[in-house]
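Colleague: Residue numbers (my numbering), protein chains in the order written: chain U, 1 to 349; chain S, 1001 to 1547; chain C, 2001 to 2371.
Derived from the structure by calculation, the hints contain no laboratory data. Computed from a prediction, not measured in an experiment: that's the story for all the values here. Every residue gets a Cβ at the ideal spot worked out from N, C-alpha and C, and that includes glycine. Heads up, a few of these hints could be off.
Covered stretches of chain S, going by a simulated chain U footprint (3 or more residues, C-beta under 8 Å) [as the list claims (entries may be wrong)]:
no., segment
1, 1083–1097
2, 1239–1249
3, 1407–1415
4, 1505–1515
Among chain S residues calculated to face chain U with C-beta under 7 Å, some are [what the hints assert, rightly or not]:
no., residue
5, Arg1236
6, Pro1255
7, Ala1256
8, Ala1460
9, Phe1462
10, Ser1498
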Amino acid sequence: MIFSRRWALLAAIGTVTLLGATGCSAPEESAPAASDGAAPSGSITVYNAQHEELTQAWADEFTAETGVTVTLRNGSDSELGNQLVQEGTASKADVFLTENSPAISLVDRAGLFAPVDDATLEQVPEQYRPSTGMWTGIAARSTVFAYNPSLISESELPASLLDLADPAWAGRWAASPSGADFQAIVSAFLELKGEEATRDWLAAMKENAVVYKGNSTVMKAINAGEIPGGVIYHYYWFGDQAGTGENSASTQMHYFKNQDPGAFVSVSGGGVLETSANPVAAQAFLAYITGKGGQEILKTGTSFEYPVSDSVDANPALVPLSELDAPVIDPSELNSTTVTDLMTEAGFI
Amino acid sequence: MIPAAPSTAHPAPDPSDTGRGAIGETDGTGPAGRTDAAVRVGKRPSPFIVAAAVTVSVLGLLPLGYVIVTGILTGWPTLSALVFRPRVGELLLNTIGLVVITVPLTAVIGVAAAWLVGRTSLPGHRVFAVLLATPLAVPAFVNSYGWVSAVPSLNGLWSGVLIATLSYFPLVYLPCAAALRRLDPTVEEAAESLGSGAWGVFFRVVLPQLRLPILGGALLVGLHLLSEYGAFAMIRFDTFTTAIVEQYRSTFNGPAANALAGVLVLLCLFLLIGESGARGRSRYARLGSGVARVTPRRSLGAFTPAGYLFLGGLFALAIGVPFWSVIRWLAQGGAGVWSEPVLVQSLLQTVGYGLVGAVVTCLLAFPIAFLAVRYPSRLSRGLESVNYLTSSLPGIVTALALVTISIRFVQPLYQTAVLVIVTYLLMFLPRALVNLRAGLAQVPVGLEEAARSLGKHPFAAFLGVTTRFFAPSALAAGALVFLGIVTELTATLLLAPSGTRTLAIQFWSKVNDINYVGAAPYALLMIVLSLPVTYLLFARSRLTSVS
Amino acid sequence: MTSAIELAGVNKSFGSTRILEDIALSVPEGSRTVVVGSSGSGKTTLLRLISGFELPDSGTITVLGRTVAGPGIAVAAHRRGIGFVAQDGALFPHLTVGQNIAFGLGPALRGGTRKQRARAVDELLEMVSLKADFAARRPDELSGGQQQRVALARALARQPRVMLLDEPFSALDAGLRAVTRDIVAETLERAGITTVLVTHDQAEAMSFAHQLAVLRDGNLCQVGPPREVYWRPVDLFTARFLGDAVVLPATISDGFAACALGRVAVAPTGLRGDACIMLRPEQIMVEHCETGGADAGTVASCTGQVEAVDFYGPEVQLAVRLFSGGAAASPSAADAGTLVHVRQHGTIGTIVGSRVSLTARGTATAFAARP
């Protein structure tokens, strides 16, 4: 009889977990709100390529304010962008947030976005959103050259991103080319210098650069003295400095400025899917992120990304955006597909 | 990617029989699974069972079919441009280098460890016998995390070899240790009486008899090397699988990812065929009844310290380093890292997927196992092979296939828990299959017939008699699948419903943010969930070696 | 004849279990000695001590004049040059028959050409009456008897002067067993190899042995030629172990016993007074006696009644209840009613209830103790 009791126990465990798993795995989509004026309710699914911690902070705050449940699907820019294109009208996503603009342009070009509410667009200055109004900037980040002063003197620092193609830099700089961040930088390069120059520069980079996975890892390696310098985004450095500083204590940052491709300021985007089952809540979420509450989180939180709203200043620790002398690029012009092809051709991915 | 797990017997001399995840119990002592007593002659199986088995197997062909079909649709010009490029050469060199160096290394270490704990009088050999199985409870990507924490500069091929060897040597060690216990001691004595000394006996008699478990273990190591993502991504070592994941991150399921997947599938097939060729037609049946006597242990004499150094060093490197890192990060994080509410949710979700996946996989593996044991035929063997083949494919390939297929053709399943369970089913079916089959084969049909002659309905007879006999095997089958699911990363990342946070996903997300402190609790939980299963596997490998 | 193997004062225990006690055994060179004992008697351990797979706790073992085990001496098994054939042959499952045999070839031949080795293997196969084409087969394709013969050929390859066989025929079925045994005996005889075989099968033991050693609970009770041990066992245990025995109380004087079967010649002759005697069933002749009266002309006769008949084909076993106070002189009333099992040709038409007269032939063995 021991046997049958054991079976009963097994069956019980199985049943309970089956119920549990189905219960916690498939969030129910709520019915769309009846009219534009209705208060947001129900739940939304966000395809999130932004840093999970940042979006989670936005989501938590938004949920606290509106009661709307936010489910995140985390991934990288291109992955989620391409995924949305593949899913087409069948997508379960309501909102798409990116770190950089190429991926969101990709989805825009596929015609999958609904226009962003005018009220939302008004919260964002024109240079941080495409003229079509199909998506909007939500945050910004600047390209920097992080370096280890014990391995490289200030006078040796590259004046331009183009300098890194020089054989003198062979084995002396690092990047994370498989990441969307670096690919956005390449898309800016492509936009500014054209396809031939980009192909040549990538070929030189293949010779010169040491490849890491992730900007944090690049910074960590520079800090550890494994490599003199590397191309990353600014906020990795500030984030680490604000914490323990263990991965950045021995590093410095160099801003290229001069409208160099290396001074590229990348715009993170947000858009609402045309097929959203809950457009009211989705639009409300985007309005919240670009509004004062959402932008404040960029200023006060640990993300150290730049707010795009005029009404909120950047974290005082950061160099103000206006001083970075970034090249002027329409974010909606950045092309991710060509970049991916060029990167594949160069053998980075 | 699956820190695989040993399993019990899968004895058929079929090329694919050590499907990934099943440490096929290439036990070296011939087929224990299919006994004549269990075969039903002259009767036809129930059409429902055949239909179920065929359905599951056809499902199993989807990933391979996907790779072939997308290859054809992409067209040769595009495909060749994507395949014949320097990057693929680099990856090929890296991947082949990894396999060629690591596989022999794990074989040597696995056999040496099995011999030391099984055949020498080294004090503490019993303890080491268990300890050396424990690396299976540490997923390779957690091991890598432990090593990168301890030695941050690790990168490239040799670091990959180091971590892979330490993670995977038990795949050779366990089957070899089990086979060593099963070898007929009189055969070794015969060699001694013919003038062979200790080394002569080992190399001329013991080692050749371990050929099948070594080959089976080596095949598993090879397949794991081809499919592992996390462990190599963390040390910046590019293999086909890491490159496919990167392509996926850049293009979702673009043609380049699919082209790489095609090459990776070819590498897998190459391994399978290679192993089958090396195995040959031989099966080393134990002759005669043998003697119920344990082979006497040898004293290592002056080499005792060296023996300790080897076993202790192996354990320290394979388990000590990752554990020390996890504990160090945990200490650094203090109580704070445990207060994350996601932690509990993540644990429950992981256990839920593990249990449901294990039950479903066992249930669906049953018809195939039943046909294989009770109605052996060309059909049943074919169905089995299909499933071994699928599970040999890296999880990333299966996941890519199912993402695309579900988006295009079965959208209601897309991003649902059901699809995740189906993926687990395809990936881990052989783990269940080998165990269920071995268990079923041990049940004499005569007992069931006796029950029927006593007036029981055939189904009642089956439930009443057979299930009780093979319950332990079913439990082992479920445990193995559970272990696989708990530590699965890539397929879950691609396929899970939005908001899914298994332990592996959470761990990986933290590691990617260089939040090693935050990742530590997830690492610990995965190890803690895996340890009992690992012990169960160890205990079963001992059990079968006695019977 | 000098001894090829000499054991003196050999003791062996496993933990607290005493396996062998003070064993002394001498195996003459070129002869076949069979150690027979029931399972657990320690016979396999005895063989393993000689072969070197176990070491004695005390005592010495000498093989061909060289002490291989003794105080401070322990020659490893592979250096003893002793052939060994295990119970089920212990063929190497990963090698073919030919490779199995070649495994044992001496260094000279192992280094020789492929042809030389093949010829040596063929010769060895021929020695054990197997055809040369067996060399290419795998062990699991052979019958049990063939496996045993290959195992013997493999052991012979090293041209050992001493061969140990551990129950080599017990796994074979009856018909095969006799054939294989004869082939093995003949092969060893021709090669002049000193052989020790252990078995629990008495018939096999007696048929194979020049010298029989009976082992009981770790003690050698008797060593001698098979006939001597069979007909003149030193005690009742040995008597019963080697075959059926009819044991009767008797009074002995002047080399004759007076018992329920009358007057029977006994050995040893030295015994006197109350004792018991042992006869083999085949020593007792049965005749039908219609009248129930004894024939005064026979040496010893009495009458009993058949209580049971077991038919075995060529022979029958009769259970005969002796009459109390029958015609023959019965020394004591207590002997009356003794049940005696005797064997006769199957042709005898005895049925239950028949009255028979029993006659003992030959000499009985007398023991001092009463049964």
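Colleague: Does each hint fit the structure? Answer for all of them.
Modeller: Status of each hint after checking the structure:
Under the rule that three or more residues need a Cβ within less than 8 Å of chain U, the assignment of the segment 1083–1097 of chain S holds, with 4 such residues. Interface restraint, the segment 1239–1249 of chain S with chain U: holds (5 residues with C-beta to C-beta distance below 8 Å; minimum three). Figure legend: the segment 1407–1415 of chain S, annotated as covered by chain U; annotation consistent (4 residues with Cβ-Cβ distances under 8 Å, at least 3 required). Coverage of a stretch by a chain is defined here by at least three residues with a beta carbon nearer than 8 Å to that chain's beta carbons; for the segment 1505–1515 of chain S and chain U the count is 4, and the condition holds.
With 7 Å as the threshold, the beta carbon of arginine 1236/S comes within range of chain U, its nearest partner Cβ sitting at about 6 Å, so the hint holds. The interface hint given for proline 1255/S is broken, as the beta carbon of that residue sits about 10 Å from the closest beta carbon of chain U, more than 7 Å. The criterion of a C-beta within 7 Å of any C-beta in chain U is met by alanine 1256/S, whose closest approach is roughly 5 Å, and the hint holds. Interface hint status for alanine 1460/S: violated, as the beta-carbon distance to the closest one in chain U is roughly 14 Å, over 7 Å.
Proximity of phenylalanine 1462/S to chain U is violated relative to the hint, the smallest CB-CB distance being about 15 Å (cut-off 7 Å). Against a cut-off of 7 Å between C-beta atoms, the interface hint on serine 1498/S holds, since the closest Cβ of chain U lies about 4 Å away.
Comparing the model with each numbered hint stated earlier shows that hints 6, 8, 9 do not hold.
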